[in-house]
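Position chain B relative to chain A; hints supplied.
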Amino acid sequence: MIARFTRMAGPLTRDKSDTLLLLLASVMVLFPHFGHLPSWTSATVCLTLLWRAAITMRGSRLPPIWLLLPVSLLAMGGVYLSFRTLLGREPGVTMLTLLLTFKLLEMHARRDLFVVIFLSFFLLLTNFFYSQSIVTAVVMVATIIVLLTAQITFQYTGAVPPLAKRLKLAGRVFLVAAPLGVLLFIGFPRIQGPLWGLPGDAASGSSGMSDTMSPGSMTSLALSEEVAFRVNFNGGAPLQQQLYWRGPVLSRYDGRTWSRIGQPQSPRRLVMLERQLTWTGPSYSYEVTLEPGRRQFLFMLELSEPLAHVEGANTTYSDELEQLVQANSDKRLRYDGVAHPAYYAQAGLDPEALQTWLQLPQGFNPRTLRYAAQIQALRAEKGDDIAIGAVLANFRDHFEYTLEPERLGHDAVDEFLFDSRKGFCEHFSGAFVYIMRAAGLPARVVNGYQGGERNPVDGYYTIRQSDAHAWSEVWLGPKRGWTRFDPTAAVAPERIRTSLAETLPQEAPFGLQGLSKLARDQNSWLAKMRFGISAVNNAWNQWILDYNPSRQENFLKELAAAFGNWRLLAALAACAALALLARQRWTLHKRDPVDIAYLAFCRQLARHGVTKAPDEGPLSLSRRVRQLNLPQEKIAAMTQFLELYGALKYGAPSAQKDNPVARLNSLLKQSR
Amino acid sequence: MLAATRRWLRGWIFQLKEKEPGEVVLVMRRVFILPTRPGIAFVGLLLIMLIGSVNYNLGLGFVLTFFTGSCALVDMYLTAKNLAFLRLAPGRAQPVFAGAEAQFELHLKNDTPRDRYAVWLGFQDEGEPRQAVDVASGGSSAVVLSRPTKERGWLAAPRVRLFTRFPLGLFGAWAYWQPDLKVLAYPQPEVSAPPLPTSGAAREDGYGTVGLDNFSGIRNYQPGDPMRHLAWRQIARLHPADGGNLVSKHFEGGAVSDLLLDLNALPPMLDIELKLSRLAAWVLEAERRALPYALNVGHREIAQGLGEVHCAECLRALALYGKEGA
Chain A
1 MIARFTRMAG PLTRDKSDTL LLLLASVMVL FPHFGHLPSW TSATVCLTLL
51 WRAAITMRGS RLPPIWLLLP VSLLAMGGVY LSFRTLLGRE PGVTMLTLLL
101 TFKLLEMHAR RDLFVVIFLS FFLLLTNFFY SQSIVTAVVM VATIIVLLTA
151 QITFQYTGAV PPLAKRLKLA GRVFLVAAPL GVLLFIGFPR IQGPLWGLPG
201 DAASGSSGMS DTMSPGSMTS LALSEEVAFR VNFNGGAPLQ QQLYWRGPVL
251 SRYDGRTWSR IGQPQSPRRL VMLERQLTWT GPSYSYEVTL EPGRRQFLFM
301 LELSEPLAHV EGANTTYSDE LEQLVQANSD KRLRYDGVAH PAYYAQAGLD
351 PEALQTWLQL PQGFNPRTLR YAAQIQALRA EKGDDIAIGA VLANFRDHFE
401 YTLEPERLGH DAVDEFLFDS RKGFCEHFSG AFVYIMRAAG LPARVVNGYQ
451 GGERNPVDGY YTIRQSDAHA WSEVWLGPKR GWTRFDPTAA VAPERIRTSL
501 AETLPQEAPF GLQGLSKLAR DQNSWLAKMR FGISAVNNAW NQWILDYNPS
551 RQENFLKELA AAFGNWRLLA ALAACAALAL LARQRWTLHK RDPVDIAYLA
601 FCRQLARHGV TKAPDEGPLS LSRRVRQLNL PQEKIAAMTQ FLELYGALKY
651 GAPSAQKDNP VARLNSLLKQ SR
Chain B
1 MLAATRRWLR GWIFQLKEKE PGEVVLVMRR VFILPTRPGI AFVGLLLIML
51 IGSVNYNLGL GFVLTFFTGS CALVDMYLTA KNLAFLRLAP GRAQPVFAGA
101 EAQFELHLKN DTPRDRYAVW LGFQDEGEPR QAVDVASGGS SAVVLSRPTK
151 ERGWLAAPRV RLFTRFPLGL FGAWAYWQPD LKVLAYPQPE VSAPPLPTSG
201 AAREDGYGTV GLDNFSGIRN YQPGDPMRHL AWRQIARLHP ADGGNLVSKH
251 FEGGAVSDLL LDLNALPPML DIELKLSRLA AWVLEAERRA LPYALNVGHR
301 EIAQGLGEVH CAECLRALAL YGKEGA
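Protein chains in written order, with our numbering: chain A, 1 to 672; chain B, 1 to 326.
You can trust all of the hints, since none of them are fake.
Which stretches of chain B does chain A cover? Using the computed rule of at least three CB atoms under 8 Å from a CB of chain A, they are:
#1 41 to 51
#2 69 to 76
#3 130 to 141
The hints are simulated quantities; they were obtained by calculation from the structure and are not laboratory data.
By construction, the Cβ of each residue, glycine as well, lies at the ideal position given by its N, Cα and C atoms.
Bound conformation, chain A alone (with noise of 0.2 Å):
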C-alpha cells in the first residue's frame, strides 16, 4: 500500500506540486471553520478536497461546469435547509466555505488562482466570529504565510526552487511586513463599529447573570470559570472584603421568584436622584472591561457614581441605583467608573416610597413571620442594630453554606430557616430580606459579584463567573438610607474572602490531595503560570481585541506625551531614514580593505624609492622589490604580500580563506 502510495506520489511535476500546496493553503484556511459548520458541510468539504486531490495526483481532468453547477446549486440549497436563510453570518459563512471548495476544482487561468487566495483570505478572517484567541492568531500568521507562498510559487516562470526556500521567502515578506503591520495597526485611524445592524446571530449566548433570582439560579454561575469582567484601579484598590459589584437589585418576592422593578432614570431625574446619594470615604477609580455576552447590568463597585455615558453602549441609571446597559453583545464593552465604598444611599425616602420594600406575598412562610414578630419587638426595644445584629448571629451560629442545598417545597423561606439550615448566598440574602421585611424594615436582593481575583502580573482583578454573589439592603432610617448587609459573610466569612467555588471542599484531581493544595495556592508555580497566561490573556484582550478608537486616542496620546510631540516623531522618522540612506551609500562606496592594505604598502614602498607606475601589477612590483637593497625577512614578508594580494585580488575565490585580510595586513606591518 505504501509503495504503491509512493509511486503514486513519485516526483512530482510542477503543476502537480503547486496545485498540492494551494490545496495545502485552502486546507489550512477551512480546518478552523470545521467546529462551527453543520457536519454535512464540513463533510461535503473534505470530500470535495480529496475529490481534488485525487484529481490532481492522476493528472485527470477538471469536473466540467454542467457537472459543478447542479452540485453547488445543491449544496446552496443545503445551506438554506439547514439555517432557513441563505442571510446571516452563519449561513454566509458556511456558502464561502462551500464557494472556496467548488472554486477549486473549476481554476483554469491565473485568474482563477487569485480567486482561491482572495477567498482564503476572506474565509481566514471570518473564522475570527468565533475565535480570536493567541492559538488562532499564531495558526493564522502560519496560514498567511502558507497562502503567500502557494502565491509566489505560481509566479515563477523557470526554475522554481525547493518549498523551504519559497517558505523562506514568504515569511521574509511577513517579517518585513511586520512592523509596517504594527504601525497601521496602532495609527490607523480606527471607527467605531457597528457600521450597520449586526444580524441577530451576532451576540453569542454565553451564559451570565439573570436579572430574577429563583433557587438555583446562582448554582449554575458558581461552578462556571469564566471570566465575567475585568477591573484595573488607577492606584490603589480597596479591601477584598469591600468589592462588591453591584448589579440587578431584586425588590418583588412572589414567594419563589425575586425580580426587578428598577425603572431607568431620565436624565432631569438622574440629577435629582444623585442629590440624594452622600458620599463620605475615601473614592477608587477603576476601568472595567465586560466580556461578551448576554448583558443587561454594568458591573460596578458599590457604591459608584452613575455614568451618564459609556462609548459603544447605551447605559442608564435606574433608580434602585443599578447601571443598566443595552443590547447583548459579542464585543467587550470598557468603561471607567468612581467608587465610594463609605456612603448614604436615598436616605430621604419618603415613607410612602418605602411601602415597596415592605411588601411580601401572601401566605407563605408563618414560621418566618413569627420569628420576624420576636425580630420587631426587639428592634422596637433595642434598636435596629441590635436586632439586625440577632438574625445574622443566628444565621452564624445554626446554619451551614453550601453549594448543594436541598430542595425547597412551598413555604421555601420557612424550610431553610427552620429545616434544611443548609444553602448558599441565594438563599440568606433572600430570607434575611424576608425576615427584615416582615420585622418592618424596607430590604431588598441585591445581586453582583464579590471579590475578585488579583493577577499579580499586571495588577488586573479577574472576576468570574464563579465570583457571582448575592447580598442585601436595608434601609436604616433617614440617617444612614440603604446599607449593606451580607448575611453570608455572617455565615462563611471566608466566603467573602475567596471565590465561592473555593470555600466548598473540592475534589482533589486523580484523587491527590497534594494536586488540589497546588492548584490553590496562591505561590505554587502552578497559579505563578496560571497568572502568567491570564496576564498574557488579559493584555492580548485589551490591546489586541479591544484596541478601539477611545483607546487609540489614549495610547497615541500617551505616545506623544513620550515623545515630546508629532513633530519631535516625524523628525526622528527622518532622521533614522537619513542615517540608513547614509549608512546604505557608504558601505555602496566602502572600499576593499584588501585594496586599502594595497594602497598603505604602495606608499611604503614609495618611501624606498619604488614607485608603482600606473600600469604596473603586483608581479612586477615584487620583482623590483626584490632588487632592493633591505633585510632579507622584510622582503621576504613584501614580495609574500605582494603574492598573498595578487592571489586576493585575481585568483580563484577558493583561496580566500581564514581570514586572509588579517593575514595581509599582519605582512603588511612585518614589511615596514
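Chain B in isolation, oriented as in the chain A frame:
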C-alpha cells in the same frame, strides 16, 4: 503640437532614451510600477476586510487586514527591486536573410545578492512580453528576442520592455531599454534563380559541369581549401597525433575560368532588388559548389574568393547596396 507634447512628456516620464551603447544599469528612476488587475482586486478585498473588522469589531480582523496590506506593500517594493539594478547588455546579432526572423541576443546580468525571477522581456511595440527569464545572483542570462525582417539592410533592435510581477503578482514593474544592437538582413536569395553565369567551360556546355565529379586524387591540405573538399575518409585513417595529415580532394577542372557575379551584367530592366536577390542566390550557389567567385556591385568590387568570410563579405555588400553605412 499636443501630440508632440504628449510624446515628449511620455519620453521624459519613462526616461525613453535613444540608443544606449554598452551596458545599462536599471537604476530605480528607470523602473516604473503600477498595481496589476489582481492587485486592484486585492485592494478591494482589503477594504471589505477592513469594513468587516470595523463592523464586527474583530481585533484580529484588523491585524489580518493590516498585515496582509503591509505584505502587499512589501510586494510592491520587492517587485520593483526584482527589476532594479539589473545590468543589461546587448549580445550578438547574426545576419539573416530578409524575410527570416532577426534574432537579437540580450544579456541580463545580476551582481546584486538577490536572485531575480520571472523577468519578462519583449519589444515595447508588441504588447505583452513573450519571453521570461531568471537571473541568479552573481550570474547572467541571455534572452533571444526575434522580429521578422522585411527588407535587406540594417535592422535596429526596437525598444525593449522588461516586465515583472514577482513575487506576489499584485504589482507589475516595468522598464524600457533601447539596446544598441542591429541585425544585417541580406537580400532574400531568389528562388529558382538562373544558373551561375560561369565563363569558360560552363558557358560552352550550357550548364555548369565544372568538373566537381572529376576526382583526380588527394593532396595535402593547404590553407584556403574549402571544407567540403577535405578527404575525410583518408583523414580518418590515421590520427593526427600519429602523423596523420589533413588531406584535400583534388578535382580536375576545378579551376574554371573566373566566375564574376556582376550587378551591371544583369539585364538592365530587372528591378534592383530582384537583381540583388539573384546575386545573393548565386553567391550561395557558388559557395555551395565551392566555386571561387568575385563580386562586383556598383562601385564595390570584391576579388575572387571562397569561404564563409568571403561569402559574408559579398552578402553584406549586397545587403548594403545603395544604403547608408555601406
